[in-house]
Amino acid sequence: MKLLGQIGAARLTLLAALLSLLISVPMATGARADDGFVEFVEVTGRLSSETRVYPETAAHPDQRSHASGFAAEATVYMEDNEGRSITITPFLRYDAGDPDRTHADLREAFLLLYGDIGDDEWELRLGVDRVFWGVVESRPLVDIVNQTDLVEDPDEKTKMGQPMVHLTWSGDWGALELFGLTGHRERTFPGRHGRLRPGPVVDRDLTSYESSAGEWHLDLAARYTGSFGPVDIGLSVFDGTSREPTLLPTLAGTELVLAPYYEQITQLGLDTQLTTGPWLLKLEAIHRAGAQNRRLDRFLQYEEEDYAAFVAGAEYTIYAVWDSDADLSLIGEWARDGRGRWATNAFENDVLLAARLGLNDEQSTEFTLSVLESLDYSSRVLNAEFKRRLSDSWSLHVQSYAYVGIDEDDAMYDVRRDSFIGVNLDYNF
Amino acid sequence: MRVALPHPMLAVSAIVLAALVWAGGPSAVLAESAEEAGLRIATDARERQKGYGNLTANLKMTLRNKRGQESTREVRLKVIEVEGDGDRTMFVFDRPRDVKGTAFLVHAHKNEPDDQWLYLPALKRVKRISSSKQSGSFMGSEFSYEDLSAVEVEKYTHRYLRDEACGDFQCTVLERVPLSEDSGYSRQLVWLDQEELRTIQVQYFDRRDEHLKTMVVDEFAQYLDRFWRAGTVEMTNHLTGKSTVLNWTDYEFGTDLDEGDFTKTALKRTR
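Residue numbers (our numbering), protein chains in the order written: chain E, 1 to 429; chain R, 1 to 271.
Chain R on its own, in the form it takes in the complex (with noise of 0.2 angstroms):
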């Protein structure tokens, strides 16, 4: 019987095919660095947040201490995208009744610093702020002023790491180093759902790399049925054993806010 020996070009083709094949396929996870897969996920996810024009919410925070004692702090928020730039956010204070009318603005820039201005109705005077204050607590909750501010890809270096369940999801893991030096982090891991790539928890690390808090999202909603917002996040403090809940309500997208809603001017007729 004569062994049918493949013929030298389909043996050729099959090597170029395997190749091909091989170059396409489990070889661009392989060829992929982690890094690089990090960024690629991030990215993806921040350009999904991406294009909803500009929206307002509230947001009712409740801060527990180690007791259990709660207080709470109302904020409204308006948020307009800016194209080739951050976002711009004006935030006004409502509760404690002490800062009522208190407004704050932010135009957040993606490779340099964000400018901030804060409005105290007292004096009607409009102060601008340093943002190096990134660590500090944002109204004595547990969440900073960077834990609040959009995350910019521009402003971290990333890592996938591996992918694992997470509650009802499941994930995909990445870290992430924030860039600059006010950060108050070494680094921060974060669980992505992969369906629609949501952020569902932070942990983040301080200085010393120790373990200081854990940020539980949950609640998500989807809005013009594309972009999903969270009704409910908490952040826990492990070191003090503090706690501050998020609760984000009245969600309104594509409302008539301009650029001109966000400027020193219309910081001082903000109510």
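In isolation and in its complexed conformation, chain E is listed as follows (with noise of 0.2 angstroms):
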């Protein structure tokens, strides 16, 4: 345990200063050079600065009311002169707050190779990549392939790097995507001083697998997305270890943590958008096989059960409302899970109702509203966004979460008091 410890620390330790090596590089932007291998080298990120507040007292111990801390994300990008090209993208969040959500990430570092095949393309991609599967706003449902790094937003679409060999195959049929992928990554959970955490404190010490390779388990995917006029549909299966944790209550010296465990699971998916005028028509359905749910049996393990989800929905887009430049989009979406209250997540039956405004100004300002309510219990998730740019380079992201009513059979029930408004000052270069 203290070596992976350490391990982990000399990984945060190496990502810190590559990034801070790729920011230092004098703004190599899009510059030419003619040594050979490399044609085109371009620096491109972010600094984020983020502050955020608590209003509420806390429901756990030790928890504190506020996080405060910055984000730092490069990418490099370099091409050769027949378009092969490497991509690596280091990732690190401190958070003054809560030691367990400062934390680096590999975000990207692959090999990208494509070609024809007649009137055909392959495409290759071998490395580290992140990849998104999906068409609806409420929650990622369909997406598998990259871990959800869960300190960064509780929306969960935040994903970490994932090691994978992704090979594409795609013509005017559409694309065939193959996905072989080893090295696991552990969901992150914030520690005993964030938010947004469950009642005992995650000990990601105490992680095990179902598989007997643990972590080096070969998960295997495959995707098809194709576009038949107004329709565009993805049917994927994944079969290998859950990017989801079961939480399992343990006893680690007189403290009650949750271990992490994760099984093998094979999960089928599919995700399709008619996009007609100015309405989006949104589903994404699985089905999941080998998990377990949230119901504790007499021997206080929790039950393997099969399931299926969907989330149907619809957008439809007002566009110059009000005689103005602005769009005004208004989303409806459905969540359902067939595991009813012992579903792992809060979206077990739950209405999305969000009204997105765009100015179209300038600034690109986008106003967001949204709420999040619950048909089978009293719980309401309430979310204000607010996005402007500020200047070519800085722009400005203010969000806030209120939990509101949630109820005790809730899966939310441990963030019931969570409710936080944050600000994101960003720097892009």
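Please keep in mind that the hints were generated in silico from the structure rather than gathered at the bench.
Some clues are possibly wrong.
Claimed, not checked - Restricting the straight-line Cα-Cα distance to at most 30 angstroms, the calculated cross-link-like pairs of lysine-lysine (BS3-like) are:
(1) R/K124 / E/K387
(2) E/K157 / R/K124
(3) E/K387 / R/K60
(4) R/K66 / R/K242
Claimed, not checked - If you want the ones that stay clear, here's a sample from chain R, every Cβ over 10 angstroms from chain E, calculated:
(5) D44
(6) N65
(7) G68
(8) V99
(9) N111
(10) P113
(11) D209
(12) S243
(13) N247
Keep in mind that this is a model prediction, so the values were computed, not measured.
All residues carry an ideal CB built from backbone N, CA and C; glycine is no exception.
Join the two chains, each given in its own frame, into one complex according to the hints.
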């Protein structure tokens, strides 16, 4: 365990060093070099300062009422004269309030090759990369290739890098992608001082796997995507180590903690969107076998339960609303999980209603308001967001979550007092 | 003195000839309606732009508000012609910095709505977006999406109005009315130079038929001895006093792009 911790610290230092090197490269942006392999080098990235305030008294002991710190992400992209490229993106988050939220991750480090096969095309990505699947707004359901970097954002949309071999064959019939994945990444969790966490702390030193190969199990995935007129469709299959751990209550000394346990699962996924006029009609659905639910049996073990889940919804946009340049998008989605009250997430039977106003002005000002309303419980999550560009390099992002009337039986009960407002100031280069 | 009467046959021939000349000459204009002439000229202008294969170019947009404050946008473009269909275009944003790496793919169609996808690099997400957003501003500029898309003849009805001088050129003036309900315009007046049928100026009228914007095209250069491309395009909004100048540079024709460079897969690897 101690060794693991040391490796973690060493990785953090290494990534931080790499990152500072990249950021200090004197703006080699878009530089063309004539020496052999590298013909084009580009360094881009973002430095972000963050402040979060949690106005309510914490539900669990030791939790801080604020979080502040910064994040840095930089990408170096190198391309040769035949279009072969290498992309490297280290990421670092420092949080003054929660040491467990301070973390580094290699978001990307891959070689990309592509070429023609007759009228069709192949593409190979080799290394650490991120892949997104899906169409809906409320939650990532089908998306499974990458681990969630949960400490970044409670919306589970920030993903960690994943080592993979990713082969794509595409033509006018669509694209077929094959993935070989290993080196499983553990989900990040807030630590003892952090908010937005379960009551007992998640102890990542106690991580275990169903597979005897542990994190080195070879996961396989395949995906087909195609566009047929107004319809975009994606079909996917994943067989391997779950990205979502079961959190097993365990005694560590005298303290009750949660031990992450990663099962072997098989997931079938469908994501589709019909785009017609101002309407977007969306559907994501999965069937997952091999995962455990939230129901403790009399041996204090969770039950294994195969289940299906879906998110169905629509987005309707009014262009030039109120005779201005602004667009107003209205979003409605229904999320359902076949496990009902034993679902391991907050989307057992919920409706998301959202309105997004984009001013289409020079600063790309955008307001979003949403409410996630549970149909089974009294729980409600309100979200308000504001984004605006301040200059060519600077931008502002304000976000606020409010957890209202969270039911004791709801999977979200542990975060019932974690409403917060966060302000991010970003410098993009 | 005998007056030589015209031979009846000759007289008939003369009348037939005159009728033929009349039919084939000025009558072609007279018989052709303003709509037919408009369509003929617009089709000819469009045909002259075809056959370039593919191209890449850089675009710098300078946005200027009423007080004269400026901000800039930088976009790279790749375009490929598709036989029997509209062009395919990839826009890659470089500036402002917060949207760096964002890419936008358009598969234009002649008789049906375009297909459009947006790539968001922070999430690695490809998002199919509605093509109804024709009248919306492109990156906060005075250009809307429809102003920047290729003018397909099938998307308008045309009418020939008049010939007149325009700057250094002698121009033909056409009126075109967009067929799409999503268009932000009731009509457009287009000045084409008679020699090369290049668009020199366009006046845009909003749905209330107010003169909303004027686009002026300048600094033409010819590529491959055939295709004329503008160096600068200025769009002025008469209602807000704001304007946007497009500066086109680094035009390259006949690159090694193929249709595989305009797919959702290619969108994700675009830098």
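How the hints compare with the structure:
| no. | hint | in the structure |
| --- | --- | --- |
| 1 | R/K124 / E/K387 | holds, 19 angstroms |
| 2 | E/K157 / R/K124 | holds, 11 angstroms |
| 3 | E/K387 / R/K60 | holds, 24 angstroms |
| 4 | R/K66 / R/K242 | holds, 5 angstroms |
| 5 | D44 | holds, 31 angstroms |
| 6 | N65 | violated, 7 angstroms |
| 7 | G68 | holds, 14 angstroms |
| 8 | V99 | violated, 8 angstroms |
| 9 | N111 | holds, 12 angstroms |
| 10 | P113 | violated, 8 angstroms |
| 11 | D209 | holds, 15 angstroms |
| 12 | S243 | holds, 12 angstroms |
| 13 | N247 | holds, 17 angstroms |
Comparing the model with each numbered hint stated earlier shows that hints 6, 8, 10 do not hold.
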